[in-house]
Amino acid sequence: MIRPWQPIFTALRTAAVLTVALAAASSHAFVVSISAGTRSLYLQVGAGRMTGSGGRFDSGGVPGNNATINSVSVTVPAASLGAGTRAMTTDSTVTISPYDSFVFCSVPSQVYVGGFYRTPGAASNATLSVTAPSTLVSGAGNTIAFNTISWISGGNADPTATIPSGTFVGGATQTLLSVARNTWFESCLQFNYANAQLVPAGTFNGRVSYTLTAP
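Numbers -29 to -1, 1 to 186, taken from mature numbering (1 follows the signal peptide of the UniProt record, and there is no 0), label the letters of the sequence shown in order.
Just so you know, the hints here were simulated from the structure itself, not pulled from any lab data.
Heads up, a few of these hints could be off.
Have a look at the derived ranges for each label pair, beta carbon to beta carbon [what the hints assert, rightly or not]: (1) Val74 with Gly53: 23 to 31 Å; (2) Ala143 with Ala111: 19 to 27 Å; (3) Ser105 with Ile40: 30 to 38 Å; (4) Ser136 with Asn96: 18 to 26 Å; (5) Ser72 with Ala49: 19 to 27 Å.
Small disclaimer: the values here were computed from a predicted structure and weren't measured.
Yeah, the Cβ is synthetic: ideal placement off N, Cα and C, and Gly gets one too.
With these hints in hand, go ahead and build the complete structure from the sequences.
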């Protein structure tokens, strides 16, 4: 039963999962070449860490771990339940590319996603993927299918998005991008909730994991 005076809040948590084949680190179509070197991967989703050289990777900044888990959320008033797509906002404050300090993303509407794949020799491409549970779940045990959450990919002065826009499959891992060796990539993702159904009031939560892996 929906209590008309109670709003519904839908939350989606995003987590940067650093898959370390060996070390750490971040893509625009902005995709740019970086120098070959010690085999390493870096992935940043929302908040990240880049130390030294003004926090710029292109000037010699050093990537590291950041345990922050950012979230995106939307509040749907009872009167608007099932009335169509609602844009979600993020608690991430990241607007600047750690590659060159360019103001790339807009907050609170977009979440920065970027990283790199480095290797000293020839190698197959790395893969950026995302895994989402089947549903978002409220404290009362009610659910919303994760495939009601989608994203639009973009970025300031970025005419062609690096990570394609899409929709979470839910209950599965989906491939987002193939990353060539010795390249940096990044995009800004705007998440949206389809809001096409009536659901009980409550706070619905779920967490997705982004992973960058290399053979």
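Comparing the hints with the structure gives:
1. A beta carbon spacing of about 37 Å between Val74 and Gly53 contradicts the range 23 to 31 Å that was offered as a hint.
2. Restraint check, Ala143 to Ala111: a C-beta distance of roughly 26 Å satisfies the suggested window 19 to 27 Å.
3. A hinted range of 30 to 38 Å is violated for the C-beta pair Ser105 and Ile40, which are about 20 Å apart.
4. A hinted range of 18 to 26 Å holds for the C-beta pair Ser136 and Asn96, which are about 21 Å apart.
5. A beta carbon spacing of about 43 Å between Ser72 and Ala49 contradicts the range 19 to 27 Å that was offered as a hint.
Comparing the model with each earlier hint shows violations of hints 1, 3, 5; every other hint is respected.
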